[in-house]
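**Student:** Chains B, C, D, E and F: place on chain A using the hints.
Number of protein chains: 6
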Amino acid sequence: MSIDRPSKIQATIDLDADGKRFGALVVPHSRNDSAWGSIRIPIAVIRNGDGPCALLVAGNHGDEYEGQIALRDLARTLDPVEVSGTVIVLPGLNYPAVRSATRCSPIDGGNMNRSFPGRPDGTITQMIAHYVATVLVPRADLVLDLHSGGKTLDFVPFAATHRLPDKALEARAIAAVEAFGAPVGVVMLELDAEGMLDTWVEGLGKLFVTTELAGGGSSTVRSNRVAATGVRNVLKHMGILRGEPEIAEPSRMVDMPDERCFVAAERNGIHEPLAELGDEVAEGQPVARIHSMDEPSHEPAVYVARRSGVLIGRHFPGLVQAGDFLASVAVDL
Amino acid sequence: MSIDRPSKIQATIDLDADGKRFGALVVPHSRNDSAWGSIRIPIAVIRNGDGPCALLVAGNHGDEYEGQIALRDLARTLDPVEVSGTVIVLPGLNYPAVRSATRCSPIDGGNMNRSFPGRPDGTITQMIAHYVATVLVPRADLVLDLHSGGKTLDFVPFAATHRLPDKALEARAIAAVEAFGAPVGVVMLELDAEGMLDTWVEGLGKLFVTTELAGGGSSTVRSNRVAATGVRNVLKHMGILRGEPEIAEPSRMVDMPDERCFVAAERNGIHEPLAELGDEVAEGQPVARIHSMDEPSHEPAVYVARRSGVLIGRHFPGLVQAGDFLASVAVDL
Amino acid sequence: MSIDRPSKIQATIDLDADGKRFGALVVPHSRNDSAWGSIRIPIAVIRNGDGPCALLVAGNHGDEYEGQIALRDLARTLDPVEVSGTVIVLPGLNYPAVRSATRCSPIDGGNMNRSFPGRPDGTITQMIAHYVATVLVPRADLVLDLHSGGKTLDFVPFAATHRLPDKALEARAIAAVEAFGAPVGVVMLELDAEGMLDTWVEGLGKLFVTTELAGGGSSTVRSNRVAATGVRNVLKHMGILRGEPEIAEPSRMVDMPDERCFVAAERNGIHEPLAELGDEVAEGQPVARIHSMDEPSHEPAVYVARRSGVLIGRHFPGLVQAGDFLASVAVDL
Amino acid sequence: MSIDRPSKIQATIDLDADGKRFGALVVPHSRNDSAWGSIRIPIAVIRNGDGPCALLVAGNHGDEYEGQIALRDLARTLDPVEVSGTVIVLPGLNYPAVRSATRCSPIDGGNMNRSFPGRPDGTITQMIAHYVATVLVPRADLVLDLHSGGKTLDFVPFAATHRLPDKALEARAIAAVEAFGAPVGVVMLELDAEGMLDTWVEGLGKLFVTTELAGGGSSTVRSNRVAATGVRNVLKHMGILRGEPEIAEPSRMVDMPDERCFVAAERNGIHEPLAELGDEVAEGQPVARIHSMDEPSHEPAVYVARRSGVLIGRHFPGLVQAGDFLASVAVDL
Amino acid sequence: MSIDRPSKIQATIDLDADGKRFGALVVPHSRNDSAWGSIRIPIAVIRNGDGPCALLVAGNHGDEYEGQIALRDLARTLDPVEVSGTVIVLPGLNYPAVRSATRCSPIDGGNMNRSFPGRPDGTITQMIAHYVATVLVPRADLVLDLHSGGKTLDFVPFAATHRLPDKALEARAIAAVEAFGAPVGVVMLELDAEGMLDTWVEGLGKLFVTTELAGGGSSTVRSNRVAATGVRNVLKHMGILRGEPEIAEPSRMVDMPDERCFVAAERNGIHEPLAELGDEVAEGQPVARIHSMDEPSHEPAVYVARRSGVLIGRHFPGLVQAGDFLASVAVDL
Amino acid sequence: MSIDRPSKIQATIDLDADGKRFGALVVPHSRNDSAWGSIRIPIAVIRNGDGPCALLVAGNHGDEYEGQIALRDLARTLDPVEVSGTVIVLPGLNYPAVRSATRCSPIDGGNMNRSFPGRPDGTITQMIAHYVATVLVPRADLVLDLHSGGKTLDFVPFAATHRLPDKALEARAIAAVEAFGAPVGVVMLELDAEGMLDTWVEGLGKLFVTTELAGGGSSTVRSNRVAATGVRNVLKHMGILRGEPEIAEPSRMVDMPDERCFVAAERNGIHEPLAELGDEVAEGQPVARIHSMDEPSHEPAVYVARRSGVLIGRHFPGLVQAGDFLASVAVDL
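Chain order of the listed sequences is A, B, C, D, E and F.
Count along the first sequence from 1, add 265, and you get the number used in the working numbering.
Count along the second sequence from 1, add 265, and you get the number used in the working numbering.
Count along the third sequence from 1, add 265, and you get the number used in the working numbering.
Count along the fourth sequence from 1, add 265, and you get the number used in the working numbering.
Count along the fifth sequence from 1, add 265, and you get the number used in the working numbering.
Count along the sixth sequence from 1, add 265, and you get the number used in the working numbering.
Just chain A, same shape as in the assembly:
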């Protein structure tokens, strides 16, 4: 069926009126424990007259927290008189995943960020994606989607955009990344971009900024500060808030040119990192070891960087499985 069919999701608030409103996107959900049930996804709209519109998203993956905290704070504290234009805030997009503290939805297993543009008659995750893609994104001039590493990854805090065919749009996106003001800024070449919110928004020719702000399924004072500042910086950059972005130090801008930026595990065991986020590593330098759980007498397997650069991501949990991501290295632009 076509994505042009209308969504069954209803907003409990007016998305287009002036002022500040909190409400919910109501997704019908008939199930064993609630025959005529629904899911209520929190939403807030702050609007003050005409002007640019920013759609701010967190909880695209349920176990990533900096964005969820920063957007709740922003929505609660932002006064409409501060705003020129519109801010739409979705602080917990994949709300079933948010409630269960998981990356993907506990209802249908859906990875929200591989579900765009969704389907009006699909699974719960697809229905939510479809509403965002067809109702909210069209209202927006910029979409800011706040990610972190979640329970299984950890990152040096960065904002990011992609190599885009439309070079003017790419340049504007890089400028927005720089305005976010994270310690690092990344220009990524996605190997598999199908189904991402990023791809959908960029395909419409709109500005899109994403982030990876830390990880482990936790947050820190520092990473929360990066998120809170970055969100307001982007709104200032868009002219929705007054003033200049607060940038203590310009972002280190880096690139991930090919798949040699990634190191993956080839056996199961106990994960020992040998380099930390932000370390400079040289090609061939060991970045992680995997120890046998069963056989302490066996030598651990050693994994090395496949490129020289800065370590921007790593596997988080103490156990690792064959096939898991271990580390990623980026190079200066």
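What you were told as hints is all true, and nothing was included just to trick you.
Copies of one chain are not kept apart here, so a pair can be met inside one copy or by any two copies together.
Heads up, simulated SDA-like pairs for lysine to any residue below, C-alpha to C-alpha not over 25 Å straight-line:
#, residue 1, residue 2
1, K471, M453
2, K273, E524
3, K432, D457
4, K273, E455
5, K285, D559
6, K273, P382
7, K273, R571
8, K273, D373
9, K285, E560
10, K273, R379
11, K273, T388
12, K285, A566
13, K273, R364
14, K273, G374
15, K273, M453
16, K471, L401
The set of hints was computed from the structure by calculation and includes no laboratory data.
**Tutor:** Chains B, C, D, E and F alone, transformed into the frame defined by chain A:
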């Protein structure tokens, strides 16, 4: 039944001969998927003549990794000629929990560190505790039990002992803690010490050192280095390895005098830390907030330190439930 | 793939011969616990010469019982000589859900009444829907689908039809609803009718009658009597059984004109009904409260009727979640 | 170990001061998802000077709601100035079961009402029982424990006491039952009373009243009214509240002399009740049938009353298993 | 608590009257899905006047079938006139395990054959064991407990007894084993006999015969024939049935003198048997290999017989875990 | 979407170079426990110059072991110098199912052998099928897919092909089946061939041979020998290995002309086989009985052969459910 009855657990190696041996403690375990099955807990013994005996334990809780890595490394690399006396290494004590990356055993739910001195005819966790309590601890002059925060807690790296009725033993234990050489050393007054390995060993008048080395169910280059150095330092302190402990900087020695050192959550929500491990905090200073998941318009609840001191532990996950530990503060000795 | 492809489901009995036969619809189902397995859905056919054909269905949702009991009784006791025409009885349509006492299928999660017309190569639920839609419904002049509230809803006993574009069909359906003889008769405007058996049958221009007979996942002497009488009444109305429908009192005919007939919960807690099924309620009158589980000192939330009318449905369980249906109100035709 | 050892449970409020306080009983609970976690059981105390003390309990089983609603209302609305003496309110005793809407605890499977007097070092359920038995019951002159049928049983609303060896206590208990003012009052001979709160309280020579107020895991306007009125009636009867109990109609007092009062299922299938709560039934009269799910052609099994009397309880769910309770009949005193 | 307290289990039939009766042992079982529920364990008694009493048991482990089939057949077909004395038949002892096709109980995880003599107030498994130990075994002169390998083991069909301190009883037991007439007869030295039905019965000085008849969680025409013939042979041997045991070929009598009769796996992988049941194997001869699942290039591990003799048991499933039993070898008596 | 889109699966080895290489097919798999994870399916390629290419597959269903063992042995021991052409070995095709010892994938429930030709953007099972169908099969002249009965079926060892529209291809396939050299060879008429690897390969006009080698989720010395010999025999038949197939005795060639070759259960209970694999059975001869678990007094249901012939397959587990396959009979060609 009495703990004096013999264990059904069998070691596959000689615990008392000279040289280095890797083997297993075999725990009989009849179950649906293996009628005549067993569990094999890794063990290594490195012995060189008479001398003191150290029992080194990690994986008492399955999701704590610094000790598991350090002890596997030690067992693999230690040459018997370096040793005077005996080192018994249990790198994954609650092995079913280790395999499932959980604090407690997936078989019987048992928290190993509340199961001592165990029972020879009890659950799997109790049988293992009983074997350690009655077969291994009696051989040891010192027991070093390496803990970290696991998936739900995070700590500034510290070694620790307890206030003990035997003040001479307490003084020797504090000396061993200092020899470990972690950034922080803690003298703890346990509120509920029943069933801990600590209590069992101390009750026998033996030296006992424990640690909390970091947390989140991960490990870092730094926390692994603290563990690896600390383990060898303690063996040197005992005279089992030659040389002096390597101590870059003496541990900051702190105390946890009463329950006001702890802050607990009273509602569910998203956890935002407002102070980080190692921060100095003042009584009444906010250390964490809890945001409503469902209602972004609600004010977050604020939790404050109930004592002035250094923040040595905190809740790790992004979500928090009413009743969860949020933060702990210690004061200088 | 097209719904025109043949079903893989086989009936073990002749659907078209005279007499009475009990058998099964055999659905192939290869799975871990039965590599060459199948599901057997009970079916009975009672036929006596040419004449109208009624397809009687229960267990469309697995946790609704009045219809399941009434159709088992009917199939067991009906003598073909009483019949003029054909009665096809499916007393447990979503048989996997019937066995597990759930609304939806435990195999694929499928809500049978959102799966029509199904797919010959789809999930088990879709395969069953497709067989009914393409093999059984074409044989029928009338389909009677017996629902109740299931474990999470409760209703005043009613029979129902819908507003239909074909007004002649609508009038015939209202007459059949009246012939059923439940205490209440409802003319519903379905907000989301896609995938329902109702929609498929009505789309073919055939008579369709549905019911909601009580709820809670139980049944009562009274609600079972409504079902048993109603089924035979409809067969009499169709001329398949002899005699006139037994109607003690004509059904109160009501309408559900818009979404204000529904009240939904916006928070979690303990559900306290303030009005009962059959009560007359006024717009603005409280119909339910939700108490905080955690905080007995908090005021309960109060939910009011959004229309004046008769309360025909309510939430059943003692706990309620944000998004759950709380109450429905209908107005006299 | 002895029940005389102190509980590890701590109340966050003073149990003995004048005024009204809401708080929690904090039960330490170390587990995989919260290493230093706890459970918080809601409690309220309303006290005004010396005088009798009533301990009011609901949520002994988690899926029984009339008491939970009535006690939350009472605690919220009761003004200390109305009170002479003390009212201790536990509106959700087995709080883990309350949260999961189950009869027994999801943590340890414990049936709270078979766990008294509990153990200070036992499972969570046993620890809670021990705290109530050793800390709260000793403060009380009367304990009122509000039960309903839960998800699997349904009852005519009744209050109840037991045949007691101390006939003076029995007479006082019968008077308290009559003061409760439910439609029915039952004097029960428990066949297996070990571990019940009832037995513990009565063994201490204290007044004890219990109830069964309806069932199905829901509540009704009527059953909630019986609970709310009954609770205040008992407090008036005790002299804690002023005034006389409100009794529209004296309770019908009945007896359950032997096991012939119970009818149990001997096969699996679909449950059809043939008599309803409050019906007069004669010995040998059918009270339920069980239909075969798989084989609609099989005759249903019929179950008859084994005594003449009034039907006061029945199986609730639509499915029934061999061994399930089907119906209970009581006879007039 | 003492095993002398009475059982809460009730038999629905008279255990001591003449004639044939089928009934159930009713075990009270309050649980979430049946508040006043019970478990019904099938039992049959066939009695004809005074004479010896045999207690025949199958389903001690739920996934072993030859005994369950043979005893159902015997109970159904045995005419009391054929009998002199009493035959008590329990064809599915651990009935919850029988229904779930598992070795141990799905309710409490209990291994029935490590639960004797049980507890009247214990778990369901312990309550059943206690009833058998204290109500049924005292009535019996001989207990025949029919085991097979279940889902994880496979055996050459054998009957067995143990080395007993009472040599006269041992000799009578060996004679009963020979009378059973299986292809092999084994005199076992149990390494851990605590909690077995065997131990309880033998401790009372009564005859006890056990079997292992095949395995894999299936049965064969041959193994069912061994069971059916063996059961009647033992009844003839006891004088309960007329005539001589039918013994085509005397059992090969073997011994299992020490733990070298067992071979256990020390790694995980795919299990390849290198010898089959009944094969003569020499000490050091490979009996199984374990292949790496992940790494096809790795050499498989080879496991050898630790004694010369006949292979009487082996691991059944295609996968094997470290600690699983692989093979057992017995030597001729 | 089209199957023509490229796969996201990457091989870690060169599929087309000379020599022997072990590696993995890496399937990207983002999930809750590994955000950037993947699945690694073992593969080996042995190539020596131009010549025919055989694709050898096992683990199409995860609980079938003869092929998994034989192909691991072959890959490990085959020297490229023995080979003329190419051998591609997939010893564990549905690798998630192999690891969990299940027929279908634990990730998506997918039955691999109903998933061809798969989808590049589908579930994990569909993605693997698509890679095989579009990357590996096109390289092959012959595909040999080694099946056994798995945990729920058991077979006399046979190789098989199908009736094919292309009679020349059918004749070549029958010759390849005969070359395999199993005790039995079967020419099957598949009733539902959609989605099978067989159908995809045959549709491309390539040679395809399948097997059923035993079952029960185990393997035997004999069945492993049939697999090991058969695999090398087929490679010889293809000219990839030198020499003639080793055939001790020509396969008995049989046919399965219609659905009367199958017997299915119509009730639940305990399964008793009355005929064994390889037995000659006559039409109407009992081949299995099903005993009531609950009611030992009930007569077992008897199931008879619907054709005369040889019993080549049967239900394996001790329990059986209505709808399960019980037995299959084949007739001589």
